[in-house]
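Residue strings, one per chain:
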Amino acid sequence: MNLSISALEYIDAIKNGDFTIEEFVSKTLDHIKKVDGKLHAYLSVNEKALDQAKELDKKRKAKEKIGSCIGMPIAVKDNICVKDTKTTCASKMLEKYVAPFDATVIARLRKQDALFIGKTNLDEFAMGTTTEFSAYGPSKNPWNTQYVPGGSSGGSAVAVSALESIASLGSDTGGSVRNPASFCSIVGLKPTYGLVSRYGLISYANSIEQIGPMARTVKDTAFLLNIISGIDPNDNTTIDNHGEDYLKDIEAGIDGKKIGIISEMVGKGTDKEVSSATKKALSKFESLGAKCEEISLDMIDYSVASYYTITSTEAGSNLARYDNLRYGFDFDLEGYEFNSYIAKTRKNFGPEVTRRLIIGGFVPSAGHAGRYFLKALKVKSRLTKEINSAFKKVDFLVAPTVPILPFKFGEKLDDPVAMFLIDFNTVTANLTGKPAISVPFEMSNGLPIGIQIIADSMQEKSLFQAAYALESTTNLPKVPL
Amino acid sequence: MTKIGLEIHCQLTKLESKLFCSCKADYRGFEPNTNICPVCVGLPGSLPRLNKKAIEKATVIAMALNCQTPPKIAFFRKNYFYPDLPKNFQITQLNIYGPTSIGQEGKISVEGKEIRIRRIQLEEDPGRLIYEGSSERTQITLVDYNRAGTPLVEIVTEPDFENPKQVRLFLNILSDLLENLGVSDPSLEGAMRADANVSIEGGSKVEIKNINSFYDLEKALQFELTRQQSLAERKIEIIQETRHWDDRRKITISARSKEGEEDYRYFLEGDIPWVMIAPQVVSRLKKDMPESISSKRERYIKNFDIPTQVADVLSSDKFYSDLFEQAHSEKNAKEVANLITTDLMGFVDTKEKRKESKLNAKHLSDLANSIIENKITRNSSKTVLQTIVKTGKSVPQIISELDLGHVSDEKEITMVIDEVIKEESKAVDEAKQKPETINYLVGKVMKKTKGKADATLTLELLKKRLNC
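Top to bottom, those sequences are chains A and B. Letter by letter, the first sequence follows residues 15 to 495 in the working numbering. Letter by letter, the second sequence follows residues 90 to 557 in the working numbering.
In isolation and in its complexed conformation, chain A is listed as follows (with noise of 0.2 Å):
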């Protein structure tokens, strides 16, 4: 029995009757106690995963039905609600929080006997790029634990790199499963806006960012698409995808498509062993049959600028209500009143929160909203006019995922504006409501380089069918643990 196994592998084996769930499930959770110390993926671990594992082989043994997971195991970043277990958002103002409902998502996992074995480490309610912002520590590279895992879904990106799960959840408000997924070198997917529920995710920033399956191969990312994906009554921006199954035709290769290099994503700041993997990409890309043109989208310039102003506007008022008042941590209120309370209470949110509440409440207020929040909201729509019209020509869109290598922890801890920068590549999908994905491409110096591919709305299809035919060309080393 081997971890590494993908998830389809996985369901195969069981299947076949090569091991229990619970042998499966238990061997995790060694692996989990040999090695989390040190990578810290975990906030905390199902203590019930092996009684569950048990109730599901025994239901196997009974021939009872039994769902397409069949136990797997799969971890699930702590600002997504599963029912009765801690749900931190990494921060010290849930500290103490148990959701009492499931996410959309979880409730279809669970209904697929799929098995959620831990909550992931991520930076303060996701704002971040590196995991340091937890309220908890950070989570460590497993492909060289001196350097950050990417983030905001760092714990996430770990779990599934270092083999403490199958799969994994993540949400992608600017990059956040796409850049820790290029750093730890998994797959990672951002869906459509709309494509899959946001119902139990604890927003940041709601109206761009989504959830999205992390995963060791294209298929198993595919695989969790369709079990998450699709219209939900509690989440009125879903949006009715009749039930696609992104399995089907996967291998159907990219013969005759048409790619577009996106020239400002490639340009300067981008390091150049990055530089020199994209290009290889492309000639893959090519080899396979597509031809690549480059792109130019004079919008992404200001991108950045747009995607800081527009988050920290919706996180403002999003993140309003931690106020303790409801749920929270344990406080003492003797001797304050409703005011001094609240400032008090939440002087608990860390320093990029606290940073961004700060933009958050300036940039959308009256008399500065017009020079920036409506700004923001016009550069928004501009790049989204942009990016369909470019979709006119091409049928996908390529750039590297991140556009330097992965670093050292502390290196820009300090330095804001270059942490923003580090979005640069990835903010476009989420402003523009388009699905992107992360693959997997190379390995420099032993730090992994991932390549984006960005497709047209509710193109998810034809998007794992180039991430799928990227993946075939590689062949990466096995993560040393």
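Derived from the structure by calculation, the hints contain no laboratory data. All of these numbers come straight from a predicted model, not from anything done at the bench. We put the beta carbon where it would ideally sit given N, CA and C, even for glycine. Check before you lean on any hint, since a few could be wrong.
Straight line, CA to CA, 25 Å or less: simulated PhoX-like cross-link-like pairs of lysine-lysine [what the hints assert, rightly or not]:
(1) B:407 <-> B:324
(2) A:392 <-> B:161
(3) A:389 <-> B:167
(4) A:392 <-> A:407
(5) A:97 <-> B:113
(6) A:392 <-> B:167
Quick look at which bits of chain B chain A covers, simulated, 3 or more residues with Cβ under 8 Å [to be verified]:
(7) 134 to 141
(8) 161 to 170
(9) 240 to 251
(10) 310 to 322
Which chain B residues stay away from chain A? Per the calculated CB distances, all over 10 Å, these [to be verified]:
(11) 220
(12) 254
(13) 275
(14) 352
(15) 354
(16) 357
(17) 373
(18) 374
(19) 394
(20) 406
(21) 438
(22) 443
(23) 450
(24) 482
(25) 533
(26) 554
Dock chain B against chain A, hints included.
For chain B alone, coordinates are given in the frame of chain A:
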């Protein structure tokens, strides 16, 4: 010139569920914090789920107030911290980025004076703060979120009122209108609330908030006008401010923070996509809209020859007009109207009495028909109605049980007349002299028959008997 404008908040109490979840829209009667769910207390991860019925009801209100209804509407967030607000923002509507609220530019006539409606918006009601002891001294404030998320329609008027009396008349009309539309029960505590803005010639606009009842609103307006006038007389500037109505002292007090200084950082609510209101929907709603009070009134007068005053009472109260509509026929309409507005009213003049009343439309129609068919006298109908309201028994049953059957049998009445003539010899003599006093004897006959004798026949027989 005095200018008064209103902001009226009206709960859509007739809806099944809240604006964004399936908790009850009418939260009354629940233990504190039991009519709640993750959505209406804004738990992390919850999302609003728009109640489409609320959009329809609010659109109907907009149409009844002659507003324009836009083809698509949007929701916005109004951000501020307050303990009754679970998310620390309120989902509401506004028109700063174009006309996207549920209705705008309407009007309604109040005794010939046109009051313009600026806009109508749909929003969520916050929770309720309950102060232990008086609000000034208490150390403890309790929060009940049962109300949080109740669908609320805000109606904003232009400052078209010239005096508090117009305001009162307007609110009466509005309250009847909302009840008639079947969207709200304005008599429920807190279902209808109003803030006002007031200015006099040369003075700034002053907002008055915290008014709990329409009765207090009129008092607050009168106080505020007097206050402003006395300032003006003494040449003291009237500053623009928000004042709170002090219920106990019956005065307005300057609020510490000024409304204009608050910054609500409005922006589009991304969790609720724009809602398209198709022309077909609008025409369906228009078609299904209950008949207006004024149209009912005119119809009653024209079709059934019902007196104006009776028609006024009947049409403006939904309880009465619903009963009338169900009970009346071509033949008995006038009688049904009379029964409702003269005999029934006293028995069902409060909400509680209406709830307990066992009377239905069939009772009314049977009773009216019995009167017309001479089975019972008009005089007995009040007793019958009282019994119906109490017991719900059928009209024939009550008539026989209480022995109220109409006596129109000549022999029977003659026998009673004989008795009366024997007993009332003095009155008989007097009647022979002065025929107009004969009614006294009719009364005696009626008394002996417990009001069952046919009055006309009795008079006729008496006259014959006394030769006068």
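Hints the structure violates: just list their numbers, smallest first.
The structure conflicts with hints 1, 9, 10, 14, 15, 16, although it agrees with all the remaining ones.
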